[in-house]
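Peer 1: Chain by chain, the residues:
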Amino acid sequence: MIDLLLSGCGGIQPWVKPYERDRLADPIMAWDRDAISSAYLDHIRETREGARGATGGAGGGCGCN
Amino acid sequence: MVTVILLVRAQADVLPDDRADLFYSKYSGGGMDITGESVLVRKKVTEDFALEGSYFIDNVSGASIDVLSQASQIKDERKQKTLTAQFVHDKTTYSATYIDSVERDYKSNTTSFSLTQDMFGDLTTLNLGFARTRDAVGENNGTALVPVISWLGHADSRSYTLGLSQILTKNWITGATLEVITDDGYLANPYRSIRYLDPGSPKGYSLASQVYPDTRTSTSIEGRAKYYLPYRAAITGTYRYFTDTWGIVGNTYELDYTHPLGNIWIFEGRVRYYKQNHATFYSDLFPYADSQNFMARDQDLAASENTTIGAKVTYAFLPDGWKFFKRGTATLDVSRIAFHYLDFTDIKDFGVPDYQPGEEPLYHFNAMVYQLYLSVFF
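Those protein sequences? They're chains X and Z, same order as listed.
If you count by the working numbering, then the first sequence holds residues 222 to 286, one letter each, in order.
If you count by the working numbering, then the second sequence holds residues 38 to 415, one letter each, in order.
For reference, chain X alone in the conformation it holds in the complex (with noise of 0.2 Å):
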């Protein structure tokens, strides 16, 4: 059985080929197009909410005031 699956995970190949990503190549399909504007926005969030974190975002200070 270990086999079976073994030689099945062996067989998958990329599925979506290069010369198909055309449209994931877009800009408007980037995580994030401006970094810079992300980690200004989690920094204002992170100041004002409990939760923090797996944003990518980052930054320091305290925003106590």
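It is worth saying that the hints were derived from the structure and are not from the lab.
Fair warning: this is a prediction, and the values are worked out from it, not measured in the lab.
Please note that a few of the clues may not be correct.
[Said to hold, decoys possible] Derived SDA-like pairs: lysine to any residue, alpha-carbon spacing no greater than 25 Å straight-line:
no.: 1; chain 1: Z; residue 1: 128; chain 2: X; residue 2: 242
no.: 2; chain 1: Z; residue 1: 144; chain 2: Z; residue 2: 254
no.: 3; chain 1: X; residue 1: 238; chain 2: Z; residue 2: 154
no.: 4; chain 1: Z; residue 1: 207; chain 2: X; residue 2: 248
no.: 5; chain 1: Z; residue 1: 240; chain 2: X; residue 2: 247
no.: 6; chain 1: Z; residue 1: 207; chain 2: X; residue 2: 254
no.: 7; chain 1: Z; residue 1: 349; chain 2: Z; residue 2: 270
no.: 8; chain 1: Z; residue 1: 116; chain 2: Z; residue 2: 173
no.: 9; chain 1: Z; residue 1: 112; chain 2: X; residue 2: 267
no.: 10; chain 1: Z; residue 1: 363; chain 2: X; residue 2: 247
no.: 11; chain 1: Z; residue 1: 207; chain 2: X; residue 2: 244
no.: 12; chain 1: Z; residue 1: 128; chain 2: Z; residue 2: 173
no.: 13; chain 1: Z; residue 1: 349; chain 2: X; residue 2: 238
no.: 14; chain 1: Z; residue 1: 80; chain 2: X; residue 2: 251
no.: 15; chain 1: Z; residue 1: 128; chain 2: Z; residue 2: 82
no.: 16; chain 1: Z; residue 1: 312; chain 2: Z; residue 2: 278
Since the structure of chain X is provided, determine the placement of chain Z on it from the hints.
Peer 2: Here is chain Z on its own, set in the frame of chain X:
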């Protein structure tokens, strides 16, 4: 088929285009006005090595409600410098970043490392990250013009990130990120106070210092999916679950829609909703002084919800390039955030004799966030 696979394997990752950004931001809401200016430059030194530097200045005036409830107006400035080095080798991109942030009463520096690996014919991207932040926390006991800073302690934070991005179809990409953050040290906000019932006080309550635990560990997991619609537009859905050892559980939902017009304009709209319960040691009104080991009345730790509605428009200029510029974009982004607190009352504007302690109306406010930036790629 063999040729295609060999071609895919032969394509090493490439670094993004060189770019320069000028960024202006304004936040206004809850008694605070914050303006920010930033400049970012990214340049490839060689084809596989790039450096990126940015400088950010925040100017803060005013103060949030729980600071105003006990103190005077505040003027402050935060300066943040960031330097990133990025190196790409075959299918792997290595990044190292240093961030230094300085305020009069708060200093923070972060060192982070990350690794991104493309796999499986570039359908799968794995990301591993580690960051360490050291903060020095102070309090201004003087005035805005004549500050007297007392340094209260240090905080040490470590972040561990695991991310995965997966192409599912030629129109559909998904991703997930897990981040665990541990903190140790002085974690309280010195400008915020608890309040407790005090029948001898004219207001019926008195204020006292917050007492926080010295440690905190949080776990966030975010899942996202982006889909290319049958016409040229994209829709993105995001969900994040958050939990920590202070008892906070937060849920975030976001939906984005991106719609270009030709190659000149890109319009984007987004809706975001966030809700959390309060930390176990939070209370709007404690029954008496020192009633618990840990006590907080920081609005960030209260039960709350907020809704963001945002719009963004990007205009592309120099589509055919000019001199050594490949293209440029100008972007305006406007967001409105409505904050509602579910167990944090407005003691600045309301109190005795109209309202007894604990019966004041719940606090809420709206904030506007404006961002304007110019980007050139070369």
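Peer 1: None of the hints should be skipped; say for each whether it holds.
Peer 2: Status of the hints after comparison with the structure:
1. Of the supplied pair hints, the one linking residue 128/Z and residue 242/X holds, its CA atoms being roughly 18 Å apart against a limit of 25 Å.
2. Between residue 144/Z and residue 254/Z the alpha-carbon distance is near 21 Å, which keeps this suggested pair within the 25 Å criterion.
3. Of the supplied pair hints, the one linking residue 238/X and residue 154/Z holds, its CA atoms being roughly 19 Å apart against a limit of 25 Å.
4. Our distance criterion of 25 Å between C-alpha atoms is met by residue 207/Z and residue 248/X, whose separation comes to about 14 Å.
5. With a CA separation close to 60 Å, the supplied pair residue 240/Z and residue 247/X exceeds the 25 Å bound.
6. Our distance criterion of 25 Å between C-alpha atoms is met by residue 207/Z and residue 254/X, whose separation comes to about 19 Å.
7. Distance restraint check for residue 349/Z and residue 270/Z: the Cα-Cα separation of roughly 14 Å lies within the 25 Å cut-off, and the hinted pair is therefore satisfied.
8. With a C-alpha separation of about 15 Å, the suggested pairing of residue 116/Z with residue 173/Z holds against the 25 Å cut-off.
9. Distance check on the hinted pair: residue 112/Z and residue 267/X sit about 21 Å apart at the alpha-carbon level, within 25 Å; holds.
10. A hinted pair counts as satisfied when its Cα atoms are at most 25 Å apart, and residue 363/Z with residue 247/X qualifies at roughly 17 Å.
11. Among the hinted pairs, residue 207/Z with residue 244/X is consistent with the structure: their alpha-carbon atoms are about 7 Å apart, no more than 25 Å.
12. For the suggested pair residue 128/Z and residue 173/Z, the alpha carbons sit about 38 Å apart, so the restraint of at most 25 Å is broken.
13. For the proposed pair residue 349/Z and residue 238/X, the alpha carbon gap of about 32 Å is over 25 Å, so the pair is violated.
14. A distance of roughly 20 Å separates the Cα atoms of residue 80/Z and residue 251/X; the hinted pair therefore holds under the 25 Å criterion.
15. As the CA atoms of residue 128/Z and residue 82/Z are separated by approximately 19 Å, the hinted pair is consistent with the 25 Å bound.
16. This hinted pair checks out: residue 312/Z and residue 278/Z have alpha carbons roughly 10 Å apart, not beyond 25 Å.
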